[in-house]
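Visitor: Residue strings, one per chain:
2 protein chains.
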Amino acid sequence: MDTQTTADPAVDTRHPLDVATSLTATGPDSWTGHTSKDYWAFIGQFGGATAATLLRAAREHPDRIGDPLALTVNYCAPIAEGPIRITARAAKTNRTTQHWIMDLFQQDGDILATATAVFAKRRPGWTHDVARMPQVPSPDQLARFPSAPFAKWVQQYDMRFITGSPLIGKTPHAEPQPAESILWLRDVIARPLDHLSLAAMSDAFFGRIFQVLGAMVPFGTVSLTTYFHCAAEDIPAGDGWVLGRAGASVFRSGFGDQSGELWSPDGRLLATTVQATYFRDWKPEE
Amino acid sequence: MDTQTTADPAVDTRHPLDVATSLTATGPDSWTGHTSKDYWAFIGQFGGATAATLLRAAREHPDRIGDPLALTVNYCAPIAEGPIRITARAAKTNRTTQHWIMDLFQQDGDILATATAVFAKRRPGWTHDVARMPQVPSPDQLARFPSAPFAKWVQQYDMRFITGSPLIGKTPHAEPQPAESILWLRDVIARPLDHLSLAAMSDAFFGRIFQVLGAMVPFGTVSLTTYFHCAAEDIPAGDGWVLGRAGASVFRSGFGDQSGELWSPDGRLLATTVQATYFRDWKPEE
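Same order as they appear, the protein sequences are chains G and C.
As numbered in the numbering used here, residues 1219 to 1504 make up the first sequence, in order.
As numbered in the numbering used here, residues 1219 to 1504 make up the second sequence, in order.
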């Protein structure tokens, strides 16, 4: 399997995300895997696939307790196509929470991502939703976003925009446009939702700067933090649809942020996410 | 200074936050410090002071480039009064960004906090504010929140609530109340704003669950992520006031989240922050 980087249904019946995040234990706290062509981005692998792979290393660790609660991934450098190596160790295990430290390397030993995660055992108890899911049409009433011209990772998702569908031109809008997008998204190839797919989806919102500018600029995620609001058994089976809402608060001198929410169709907040981003100013040559 | 845990103006002219976050290098990547009685919380030290101390370890490292962009602190266990030990190392240094890994220990060697940070060199460039500061009365038109009955750390801040002033009773409200609070806050003892004080203030919003319930329950921050939107030289000198807005999106089976914004009085977004929290359900005995 070491050279199997694209999931070919003829030889591999696993979902592309399961292939992309597949890990083999090589020691008590170490794992090897391989980047995925299915989740390729502009430069390097889609950050959401990398986040899911780092989370999976902790999730598959024999010492793991509970389910993912918080995940932070810092992207140190683009990941090249090829094998990867992950270390994941439980820094501290409490009665109901467990703190993880993960790192991702490639052949030359240089670190490509650092990450931390908190896993937690939830006990049934008081529940209160402050945020409410936006009222939106159902996915079958909406057109599918034409993903073919975009990076491979985009083609892994069926996206149906309610507001903030990307309008990317050759030159920026005269005035910055709203940063918000609301869309349904799910895996193109059906796969039951879990914390891995939610981790990946938390990075599946297009860079808000493209939305605001209406033009492409060099852009990347520097740091991604996702909070998971469901235990594994509480993630609705459903049909895989998740309602996403993305926004941003500021773009300032090369760095900005963006935020996102992921909702189940029955109105349950599954995950919230923020990211710190870098960008370069738009130039006619680009 | 090793036993000096409370800043006494008679013997120490430094600001309590500078005393609380004071570090002595003990090796290329290691530091010692001491907890602060001035920033004591219910159990252990105020998480904001701990976050600022971890950030300071990276900031004071001789290899550091740029200014804080992103900070994540995972609180593994309460910090007891006494000496602390911090390790801080640059995992990866790029041209404009630098990735840090920090850990905090106490005497017995057990890890009490893990953290990561990204520092960045900002170059002047395109800037666009998506979020806008709430329109609010100025601090001199508002009453100061009576902090005396609260934990020591609360007494380090002058807080002036515009909305969502804490109303904590013996029993919860009949119905959950809004999670939002908007307040001015600044250090009681004047201190120029910097990334350290912003890191501390990012944890200075009272637990949103108290606001929603109107009653106290066992509560703590599990993980805190703060994004800084200003280079050091762009943090307004001003008079120390920062407008804070705090909210939450969900409380579910023992774990929840909260979010915050910190604005300069001239309407500049200085920092945004999220945290994953734990809580226990309210019980009459507590």
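Derived from the structure by calculation, the hints contain no laboratory data.
It is possible that part of the hints are untrue.
Treat identical chains as interchangeable: a pair holds within one or across any two.
[Claimed, not checked] Pairs of lysine-lysine residues, derived as DSS-like cross-links and limited to a Cα-Cα distance of at most 27 Å, are as follows: (1) K1339 / K1370; (2) K1339 / K1501; (3) K1501 / K1255; (4) K1255 / K1339; (5) K1310 / K1255.
Visitor: All hints are to be evaluated individually against the structure, with a verdict given for each.
Guide: Against the structure, the hints:
1. K1339 / K1370: For K1339 and K1370, neither the intra-copy (35 Å) nor the inter-copy (31 Å) Cα distance is at most 27 Å.
2. K1339 / K1501: Close across copies (20 Å), not inside one copy (49 Å); limit 27 Å.
3. K1501 / K1255: neither (29 Å within a copy, 52 Å between copies)
4. K1255 / K1339: neither (34 Å within a copy, 32 Å between copies)
5. K1310 / K1255: Between copies only: 25 Å across, 35 Å inside.
Of the numbered hints given earlier, the model fails hints 1, 3 and 4; all others are met.
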